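Q: Sequence:
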Amino acid sequence: MDYSKPTLLVISGPNGAGKSTHIESMLPELFNGVPPFDRDLTRTMFEKELQGRD
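Numbering (our numbering), first residue to last: 9 to 62.
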């Protein structure tokens, strides 16, 4: 993608078409290797943190 000029990019499609997967596939490149959000890992870490506060 060429970001030298302002551009509007729209990604649209029905549920299950792969819009989020497409965006997630670009995240590591856009943010220097930051892995995509892992809901299960985040939930596990949050639950462990809550257990430590008891």
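Calculated directly from the structure, the hints in this document are not laboratory data. Only a predicted model underlies this, so the values are computations on that prediction, with no experimental measurement involved. For glycine and all other residues, C-beta sits at the position ideal for the given N, C-alpha and C. The reader is advised that the hints may include incorrect statements.
Claimed, not checked - Restraint-style ranges between C-beta atoms, simulated for each label pair: (1) 23 to 59: 33 to 43 Å; (2) 23 to 55: 26 to 36 Å; (3) 60 to 14: 22 to 32 Å.
Q: Run every hint past the structure and note whether it holds.
A: These are the hints, each one checked on the structure:
no.: 1; hint: 23 to 59: 33 to 43 Å; result: 35 Å, holds
no.: 2; hint: 23 to 55: 26 to 36 Å; result: 28 Å, holds
no.: 3; hint: 60 to 14: 22 to 32 Å; result: 47 Å, violated
In this structure, only the earlier hint numbered 3 is contradicted, and the remaining ones agree with it.
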